[in-house]
Structures are given as C-alpha cells and as structure tokens.
Amino acid sequence: MMPLVLHYRSRFPVPSETFIRTTVTSHSRYRAVVSTHEIVRGTAWSDDPPLRLDECAGGRVASLARRWLPLAEIRQRRARVARAIRAVCPEVVHAHFAAEGVAAWPAARRAGIPLVVTFYGFDATELPRDWRWRRRIRALLHHATLVLAEGPSLRERLIDLGAPPHRTRVHPIPIRIESFPFRLPAPRERAIVLQACRFVPKKGVDLTLRAFARAADGTGSRLRLIGDGPERPALEALARELGIAERVEFAGMRTHEQYARDLADADVFIHPSRFGPKGDGEGGAPTALIEAQATGLPIVSTTHADIPFVAGAGGALLAPEDDLDQLAAHLRWLLQHPERWADLARAGRRHVERQHEASLLAERLESHYDDARAMMREAQLRAAKP
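Once you know that position 74 of the sequence shown is 73 in numbering that gives the first Met the number 0, the rest is easy, because the numbers rise by one and skip nothing.
Worth flagging that the hints you see were computed from the coordinates, not collected in a lab. Incorrect hints may have been included.
Said to hold, decoys possible - Simulated crosslink set (SDA-like; lysine to any residue; CA at most 25 Å straight-line):
hint, residue 1, residue 2
1, K277, A244
2, K277, P200
3, K384, R189
4, K384, R372
5, K277, A346
6, K277, E90
7, K384, R134
8, K384, D369
9, K277, H142
10, K277, E362
11, K277, K384
12, K277, R372
13, K277, P105
14, K277, D369
15, K277, P319
16, K277, E230
17, K384, P151
Note that the coordinates shown come from a computational prediction; the quantities given were computed from them, not determined experimentally.
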C-alpha cells in the first residue's frame, strides 16, 4: 500500500488557497488525507472531495495567526492534531503555513513521524515581527524535518530566522496548467489591464491606479481590479482624484472559475507588490502572477521578494518596488507595442510549464517526503546507539 501523508491546514479548502488544494490532489506515490479544524463548505470541492477530509477539531477554534493568541489555544490545537495523527497513522505530516507547523511539530515528534512544513509568505514576514510568534517559529524551524519555501528569497528569510540551510528547500507554487488555457493575445483598440488581489498596501493597487493614469492616457484602455479589502474606499477615491474613475472597474470578489474567464478576457496583467508601511511584504510571490503567465498575459510587476523567481524569465517587465516612473514606463511600453505581446506570452507560458506545473511538482514534493522519512530513520538510529 502507498504511504500516507497527512496534510494539515486549520481551515480547508480556503478559496484563495487553490495551491494547497492542487498540492493535496496531485499525489501519485502517496495517499493523502487532509486534517482540518474547519471544513469550508459551499464549494463543489468541499462538498464532494476527491480525498478524505478529517475534521480533527470537531468544530471551530480561534485563529492561530492572532498576535495575542494565548498558549492555551495552541495547546488545544496540538492535542487535536495529535489525535488526528493517532487516527490515521501517516508516514509524513505536511503542515501548510507556520502556524499549522507550530501546532503540529510536538505531536509529530512524539510519534516519530517526519514533519514537512511549507511557508508561504506572511508567516515568514509578518508573524515573526511579534516576539511570541518569532520564538514559536524558531522552535518550529529547529524541530521540522524539512522546511519548504516557495522561492529563494523566502528561503533566505527563513534561514535568517534560524532554519538550518541543509533542511530548507525551495518548492515552487503549483498550478494545474490545464485550468488556464493558453491563448496568444490579440491586440485590440481598447486593452484591458487587470490586477487581482486583496486591497491592502503591500499589493500596490494605488501604484497601479497612478501608473495607469500616466500610461493609458489617450489609449482607450481600461483597468479592471478584482478583489476587495480595507483600502477599497481610498482606492475608489484615488481613481476619482486621478480622473480615471470611468475607466476603472472595481469588480469585487470572484470565484476561481470567474477569475479564469477574467484572465482570458484581459490583455495585460499588473501587480506592483512592495513592502507595506508596517514592513509586511509578500514573502514569496502572488500566485496570480503564475496564473496570468499560464494564460498568456504579459506582466508588469516589481522586483519585490520572489517575484523575479516566478515572473522574471522573459514574460514580464519588472520595476524596482515603489518606482512609479519605471512602472508607468513599462505599462506604457506594453500598451504602445501590442505586437510584442505574443513573444512575452510564449516566454511566460514556457516558464510556468517548466517551474510550476502541478504534476512535475508533485513528483518533487514526494521526493522531499522520501528524504524526510530517510532523515527521520537516520536520526532514530543515531539516537538508539549506545
């Protein structure tokens, strides 16, 4: 029988975390069980999952990502994860995000099971700014068998936090290529520029509006903003202030299927990520950049965090973060040279196929599991020697 991996995420399946759903449904040599404290209902995937969902908590518990989280709640989750491990007897535990790793590592250690933990960004940039989380994350980095980061910049940040370099590896974000049909962009008179994200400072939506106001003047182009968040009222006011409100569509939240159609209908994708005023950043890189390249959209973005890793192979024009002049220049050049879109589209698609295709990354992930199991066996043999 194939070995079993227990994927642990506090809430699952979260609509914005398609990369985790892709990971757990792409295995070939391992069986997968998802253990979660809260099954997020309301999607076809959660109502009819292609794998077992183990609701290990029996109900909701408080968010692990709260900065003031009391130790009692962490202990509560640790006990529940321990029960889930005893129930399914996995060969590997894979925790998604640092908070889940903090809850899982004591139980995995007591059971003698290797723990693989994946960091995705904020858990390496924002959480460690609080001394309590920094201490918990350092303990996790010490005890985890393998630590995975979605890009080299995030890996270096984890090493700075205390992750052993020889146990810290880059594992890119996976996507299912077939979910994003490729098409060569067809230049049209009124191009659609698209950004999709949460409306928070680090996503740079205000930079998008200012760059669009400069670059698209006289082109007839339109800007479509997908998402929502605390900055939305200020961004709508900024669009009016810049005199572009009639050419900017605030489309709100979209299902993943609707979003795929939005990508197919767009001409250029923009995402000027940066560090926010409190020092929070992407950590890794937005999954939206990978999906846009897979669809065939030319990209305008920044050199922030791991964006050069996911979008720096010929399919994107990257500006230094917070460099509005260069950002607007890149966007203006794209809108004025639609004959170059096809070359950028092909380069971006090739990059995604080589680095982010789900089946290739599933094979690599299972090799990480094999290595983690071997490392655990070696550690146990060393501990057993007199």
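Which constraints among the numbered hints does this structure fail? Numbers only, ascending. Hint check: 1, 3, 5, 6, 7, 9, 10, 11, 12, 13, 14 and 17 fail, others pass.
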